[in-house]
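Undergrad: Here is what each chain is made of, one letter per residue.
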Amino acid sequence: MNDKNMLIPKNFSVDEADQFREKVNALIDKGEKDFVLDFNNCTFIDSTGLGVLVGIYKKCMELNGSLKLHSIHPQVMRIFKLTRLDKVFEIR
Amino acid sequence: MGIKKDEIILYGLDEHKDVIDKIITEIENFEESFDIRLMLIEALTNAFKHGNKCCVERPIYLRYVLNEKNIKFEIEDSGTGFKNINIPDAIYDENLLNDSGRGLFLIKCMADKIEFKNNILIIQKYLTAKKNKAQN
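Heads up: the protein sequence lines correspond to chains L and C, in order.
For the working numbering, add 1253 to where a residue sits in the first sequence, where the first one is 1.
For the working numbering, add 435 to where a residue sits in the second sequence, where the first one is 1.
Extracted from the complex, chain L is given alone in its bound form:
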């Protein structure tokens, strides 16, 4: 099984998050269902970004795929914890 590696943009909010959603949705339409999201460049996330991740997570789960997140900056991790999404996503 090949995981699809994706780099999360620096500012994962509003427009950037919407663009990322479209990119992932296109990949899912092509048959991808296992994603690894690299947060190394990402220093900011908002509720739109969180909503995009939740949407991707739900699609992957429906397809018996997987979603893994890694290299999350402390401020971004704080937002995952506040919204309890750190308990939902597989974070390395």
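Check before you lean on any hint, since a few could be wrong.
[Unchecked claim] Label-pair distances were calculated between CB atoms; the ranges are: (1) C/Ile459 / L/Asp1256: 23 to 29 angstroms; (2) L/Asn1293 / C/Asn502: 35 to 41 angstroms; (3) C/Ile444 / L/Lys1340: 37 to 43 angstroms; (4) C/Lys488 / L/Asn1258: 34 to 40 angstroms.
These are computed hints drawn from the structure, not numbers from a lab.
Predicted model only: the values in this text are computed from it and were never measured.
The beta-carbon is built from N, C-alpha and C at its ideal position, and this holds for glycine as well.
With chain L's structure known, arrange chain C on it following the hints.
TA: Quick look at chain C alone, frame taken from chain L:
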């Protein structure tokens, strides 16, 4: 640093990041820039989507007053006002995987005070001066 105040009028969200960047530059000597960026993005996105129903011809007023101890924002949209707003203290299990609905919750988490007056959201945040690295 004296008192600084300003009012910015936005139509749609095309320029909201530039406006927020400018405000963040003004508070670059404080620790709270991440929280303030998040609160403003959430508040302006809400004002545009829910208050102004995504209409780019309706104004959003962003007012702020800044001094060395705190910053207060007023975000006024062109809608009919906040009604029956009840922001939970936590995201509960049944809402954990909702696609949306985290914006106001995050503002409440980041703010020291949040208040709704008709179609105006008022947010207050205390500021902490950054320690001078040379002194550490």
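Undergrad: Look at each hint and say if it fits the structure.
TA: A quick look at each hint next to the structure:
1. C/Ile459 / L/Asp1256: 23 to 29 angstroms: violated, 35 angstroms
2. L/Asn1293 / C/Asn502: 35 to 41 angstroms: holds, 37 angstroms
3. C/Ile444 / L/Lys1340: 37 to 43 angstroms: The hinted range 37 to 43 angstroms holds for C/Ile444 and L/Lys1340, with Cβ atoms some 41 angstroms apart.
4. C/Lys488 / L/Asn1258: 34 to 40 angstroms: holds, 38 angstroms
Hint compliance for this structure: hint 1 alone is broken.
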